[in-house]
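Student: What follows is each chain in one-letter form.
There are 2 protein chains.
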Amino acid sequence: QGAPCTDFDMAYFHSYAHVGIHEEMIKDRVRTETYRTAIMQHQSSIAGKVVVDVGCGTGILSIFCAQAGAKRVYAVDASDIAVQANEVVKANNLSETIIVLHGRVEDVEIDEEVDVIISEWMGYMLLYESMLGSVITARDRWLKPGGLILPSSATLYMAPITHSDRYSESIDFWRNVYGIDMSAMLPLAKQCAFEEPCVETIVGENVLTWPHVVKQVDCHTITLHELESVTTNYKFKSMMRAPLHGFAFWFDVEFSGPALAGTNNHAPSSLISNHPVEGQQRKKRANPNEALVLSTAPEDPPTHWQQTVLYFYDPIEVEQDQLIEGSVTLSQSKENRRFMNIHLEYASGGRSFVKESVMR
Amino acid sequence: QGAPCTDFDMAYFHSYAHVGIHEEMIKDRVRTETYRTAIMQHQSSIAGKVVVDVGCGTGILSIFCAQAGAKRVYAVDASDIAVQANEVVKANNLSETIIVLHGRVEDVEIDEEVDVIISEWMGYMLLYESMLGSVITARDRWLKPGGLILPSSATLYMAPITHSDRYSESIDFWRNVYGIDMSAMLPLAKQCAFEEPCVETIVGENVLTWPHVVKQVDCHTITLHELESVTTNYKFKSMMRAPLHGFAFWFDVEFSGPALAGTNNHAPSSLISNHPVEGQQRKKRANPNEALVLSTAPEDPPTHWQQTVLYFYDPIEVEQDQLIEGSVTLSQSKENRRFMNIHLEYASGGRSFVKESVMR
Numbered sequence: 010q011g012a013p014c015t016d017f018d019m020a021y022f023h024s025y026a027h028v029g030i031h032e033e034m035i036k037d038r039v040r041t042e043t044y045r046t047a048i049m050q051h052q053s054s055i056a057g058k059v060v061v062d063v064g065c066g067t068g069i070l071s072i073f074c075a076q077a078g079a080k081r082v083y084a085v086d087a088s089d090i091a092v093q094a095n096e097v098v099k100a101n102n103l104s105e106t107i108i109v110l111h112g113r114v115e116d117v118e119i120d121e122e123v124d125v126i127i128s129e130w131m132g133y134m135l136l137y138e139s140m141l142g143s144v145i146t147a148r149d150r151w152l153k154p155g156g157l158i159l160p161s162s163a164t165l166y167m168a169p170i171t172h173s174d175r176y177s178e179s180i181d182f183w184r185n186v187y188g189i190d191m192s193a194m195l196p197l198a199k200q201c202a203f204e205e206p207c208v209e210t211i212v213g214e215n216v217l218t219w220p221h222v223v224k225q226v227d228c229h230t231i232t233l234h235e236l237e238s239v240t241t242n243y244k245f246k247s248m249m250r251a252p253l254h255g256f257a258f259w260f261d262v263e264f265s266g267p268a269l270a271g272t273n274n275h276a277p278s279s280l281i282s283n284h285p286v287e288g289q290q291r292k293k294r295a296n297p298n299e300a301l302v303l304s305t306a307p308e309d310p311p312t313h314w315q316q317t318v319l320y321f322y323d324p325i326e327v328e329q330d331q332l333i334e335g336s337v338t339l340s341q342s343k344e345n346r347r348f349m350n351i352h353l354e355y356a357s358g359g360r361s362f363v364k365e366s367v368m369r
Numbered sequence: 010q011g012a013p014c015t016d017f018d019m020a021y022f023h024s025y026a027h028v029g030i031h032e033e034m035i036k037d038r039v040r041t042e043t044y045r046t047a048i049m050q051h052q053s054s055i056a057g058k059v060v061v062d063v064g065c066g067t068g069i070l071s072i073f074c075a076q077a078g079a080k081r082v083y084a085v086d087a088s089d090i091a092v093q094a095n096e097v098v099k100a101n102n103l104s105e106t107i108i109v110l111h112g113r114v115e116d117v118e119i120d121e122e123v124d125v126i127i128s129e130w131m132g133y134m135l136l137y138e139s140m141l142g143s144v145i146t147a148r149d150r151w152l153k154p155g156g157l158i159l160p161s162s163a164t165l166y167m168a169p170i171t172h173s174d175r176y177s178e179s180i181d182f183w184r185n186v187y188g189i190d191m192s193a194m195l196p197l198a199k200q201c202a203f204e205e206p207c208v209e210t211i212v213g214e215n216v217l218t219w220p221h222v223v224k225q226v227d228c229h230t231i232t233l234h235e236l237e238s239v240t241t242n243y244k245f246k247s248m249m250r251a252p253l254h255g256f257a258f259w260f261d262v263e264f265s266g267p268a269l270a271g272t273n274n275h276a277p278s279s280l281i282s283n284h285p286v287e288g289q290q291r292k293k294r295a296n297p298n299e300a301l302v303l304s305t306a307p308e309d310p311p312t313h314w315q316q317t318v319l320y321f322y323d324p325i326e327v328e329q330d331q332l333i334e335g336s337v338t339l340s341q342s343k344e345n346r347r348f349m350n351i352h353l354e355y356a357s358g359g360r361s362f363v364k365e366s367v368m369r
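Chains as they are written, first to last, in this note's numbering: chain A, 10 to 369; chain L, 10 to 369.
Incorrect hints may appear among the rest.
All copies of an identical chain are treated as equivalent in the list; a pair is satisfied when it fits inside any one copy or across any two copies.
Straight-line C-alpha distance at most 25 Å; calculated SDA-like pairs for lysine to any residue [what the hints assert, rightly or not]:
#1 Lys99 with Ser192
#2 Lys36 with Val208
#3 Lys99 with Gly29
#4 Lys99 with Asp149
#5 Lys36 with Thr210
#6 Lys199 with Asp16
#7 Lys36 with Lys244
#8 Lys364 with Cys207
#9 Lys36 with Cys207
#10 Lys246 with Gln329
#11 Lys36 with Ser173
#12 Lys80 with Asn345
#13 Lys36 with Glu209
#14 Lys246 with Glu365
#15 Lys199 with Ile325
#16 Lys364 with Thr106
#17 Lys199 with Asp89
#18 Lys199 with His111
#19 Lys246 with Gly213
#20 Lys364 with His111
#21 Lys199 with Val186
#22 Lys36 with Ala202
#23 Lys153 with Ser336
No lab work stands behind these hints, which were simulated from the structure alone.
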């Protein structure tokens with residue numbers, strides 16, 4: 010079944026054996042509480058049903074599902090953290106309900122169909138780590154037709170940003186170091202600071218205009234093949250005059266499904282998005298289902314995902330209404346599918362550039 | 010000359026090829042400004058003289074020495090950052106004065122004796138990285154008798170600490186995770202959080218009593234052999250009732266030398282240390298020379314070295330005046346001398362423990 014388990018996969022699983030990474034994720038209250046709320050909102054689809062938790066980690070989402078009344082939860086993780094998850098399950102007298110399976114979703118056996126898949130699979134820039142592939146594998150192996158997947162969909166966004174403080178701090182800094190001109194460091198400083206994507210927090214004020222949707226993922230229909238490479242063409246019109254320092258990426262995921270699908274009798278999205286309330290920030294994405302959303306956008310409360318920024322080596326001065334256009338391709342590294350190759354083309358003011366980077 | 014260059018040494022040198030590490034060190038104003046002040050204080054010993062800068066990095070200390078009037082500065086670094094140092098030197102028209110040598114002090118050739126060695130060699134817990142060995146090699150190869158070494162001496166301290174917030178955050182956290190008892194995680198959580206030394210900032214209030222001197226290093230006389238293994242026996246008497254969470258380590262280095270050695274006509278140190286000024290924190294180390302000191306102590310302004318803490322897996326409740334005693338051995342890892350093995354023995358209240366750790 011599925012891809013063979015490589016040394017890179019082993020290293021990936023091993024990175025989740027350390028408690029610190031789970032502590033960080035669990036302490037991300039936006040993440041964990043949104044998942045808990047989603048589980049409780051979908052309680053009617055979970056109570057008495059069979060659930061699989063893909064990449065269960067310490068087992069906390071499986072326990073939430075048990076609390077929501079699941080008949081049985083298969084908690085699957087290839088990392089050794091599964092041993093701890095099993096201890097937690099036993100200590101909470103949940104061994105009757107939660108069955109911890111220590112292995113890959115490609116390899117473990119579940120001898121029944123499942124009603125619900127829950128998974129917290131999102132990486133930086135949504136697709137980094139390629140863990141969504143495991144959700145797809147689980148779906149194709151075990152999910153009943155019409156079953157629930159939480160989250161049900163995901164959207165990756167990008168937007169041009171200005172961030173002079175950040176650029177100065179790492180780059181312009183070298184122009185005057187305790188009175189010494191160390192500008193000779195600039196080429197290497199730019200490379201070291203900005204060759205790879207930066208995971209960091211930006212704020213709404215850094216963003217030059219409305220975001221562009223890089224990729225929409227419907228967890229019910231997405232295929233492994235589609236994830237190998239994602240390409241989008243974008244065109245932005247800067248809302249202000251500013252130095253353009255690069256592009257920020259963020260994502261949100263939505264928890265909708267059978268429980269809500271039938272209740273889509275709200276106003277059509279066009280009505281919402283075309284009539285922003287005066288003085289209020291326009292919702293960047295209409296949500297006609299009012300489904301629960303976990304957002305990592307710069308204007309929303311911070312999460313451990315922060316945002317991911319691709320900085321240019323040199324900023325571009327853009328005028329108000331100036332076009333910024335190009336394309337971006339995110340593809341799984343052939344060498345290690347846990348890595349992501351990023352091919353960025355961008356043009357503005359008559360000049361065009363290409364930047365290649367790898368998220369490792 | 011000296012030890013052969015291993016793959017571990019290559020990896021070590023490579024880690025200094027990234028600009029970020031130099032940015033962090035240079036932006037540590039306590040570090041960089043103390044070095045600059047030391048160079049200016051010793052200007053009479055530097056002007057017109059020959060200097061070697063061991064591990065020059067971007068070359069900033071070499072430039073300070075040139076500004077202080079050095080006749081010639083050999084800036085030595087085995088990392089590729091030496092290429093940048095050379096560019097900075099050229100851009101500042103200092104090629105006549107500063108000669109960048111890209112290689113190990115064991116391997117490069119300098120065809121004259123030097124008057125001054127300057128080096129910022131200190132690692133976490135002072136001795137981590139084992140870079141002092143390069144200073145010793147440079148001293149034994151090139152320093153004139155009676156030459157100046159900056160810094161001239163270093164002292165490593167340790168003290169018992171209490172740090173309930175930190176312990177709770179990583180350990181007690183698991184007792185109640187969104188209402189779920191995840192205590193089953195505790196053994197692994199303790200291991201993951203505290204198996205290795207933690208580089209972090211503590212404050213004076215965390216420290217239970219006066220520090221113990223683990224090692225004093227006189228840069229003029231220390232030998233490579235002495236650094237292979239350092240052992241000390243300690244005995245503390247807690248000044249308060251508190252949970253003892255572990256030991257913190259920090260260091261200071263002193264910049265004294267010929268320029269100041271003849272002026273030691275201040276009050277003897279006993280007079281200073283036995284008559285602390287009322288209401289003021291007692292100086293933890295008498296400094297009869299009034300030599301410049303770069304301190305990384307918890308009560309002094311923070312540096313990028315912070316402090317290094319060895320946490321116990323379980324705290325020990327100590328009463329006021331309770332003895333805490335044992336020994337600690339810091340030794341270069343046989344496998345990779347850039348790593349440090351730490352063998353800690355501690356006993357208090359009739360129980361004794363041993364903790365082995367490795368700083369990698």
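Student: For each hint, tell me whether it holds in the structure or not.
Tutor: Right, here's what the structure says about each hint:
1. Lys99 with Ser192: between (60 Å within a copy, 11 Å between copies)
2. Lys36 with Val208: both (18 Å within a copy, 21 Å between copies)
3. Lys99 with Gly29: Result: close within a single copy only, 22 Å intra versus 46 Å inter.
4. Lys99 with Asp149: Answer is neither; intra-copy 29 Å and inter-copy 63 Å both fail.
5. Lys36 with Thr210: both (17 Å within a copy, 21 Å between copies)
6. Lys199 with Asp16: neither (32 Å within a copy, 28 Å between copies)
7. Lys36 with Lys244: For Lys36 and Lys244, the Cα distance exceeds 25 Å both inside one copy (37 Å) and across copies (39 Å).
8. Lys364 with Cys207: within (14 Å within a copy, 37 Å between copies)
9. Lys36 with Cys207: This pair counts as both: shortest intra-copy Cα distance 22 Å, inter-copy 20 Å.
10. Lys246 with Gln329: Only inside one copy: Lys246 and Gln329 sit 8 Å apart there, 68 Å across copies, limit 25 Å.
11. Lys36 with Ser173: This pair counts as between: shortest inter-copy Cα distance 18 Å, intra-copy 31 Å.
12. Lys80 with Asn345: So Lys80 and Asn345 fail the 25 Å test inside a copy (38 Å) and across (53 Å) alike.
13. Lys36 with Glu209: both (18 Å within a copy, 20 Å between copies)
14. Lys246 with Glu365: within (23 Å within a copy, 59 Å between copies)
15. Lys199 with Ile325: Within one copy only: 15 Å inside a chain, 49 Å across chains, cut-off 25 Å.
16. Lys364 with Thr106: neither (50 Å within a copy, 39 Å between copies)
17. Lys199 with Asp89: between (38 Å within a copy, 16 Å between copies)
18. Lys199 with His111: between (43 Å within a copy, 22 Å between copies)
19. Lys246 with Gly213: Only inside one copy: Lys246 and Gly213 sit 16 Å apart there, 53 Å across copies, limit 25 Å.
20. Lys364 with His111: neither (40 Å within a copy, 31 Å between copies)
21. Lys199 with Val186: Cα proximity of Lys199 and Val186: one copy only (16 Å, versus 42 Å across).
22. Lys36 with Ala202: Answer is between: at 15 Å across copies they meet the 25 Å cutoff, but 28 Å inside does not.
23. Lys153 with Ser336: Answer is neither; intra-copy 38 Å and inter-copy 62 Å both fail.
Violated hints for the displayed structure, listed by number in ascending order: 4, 6, 7, 12, 16, 20 and 23.
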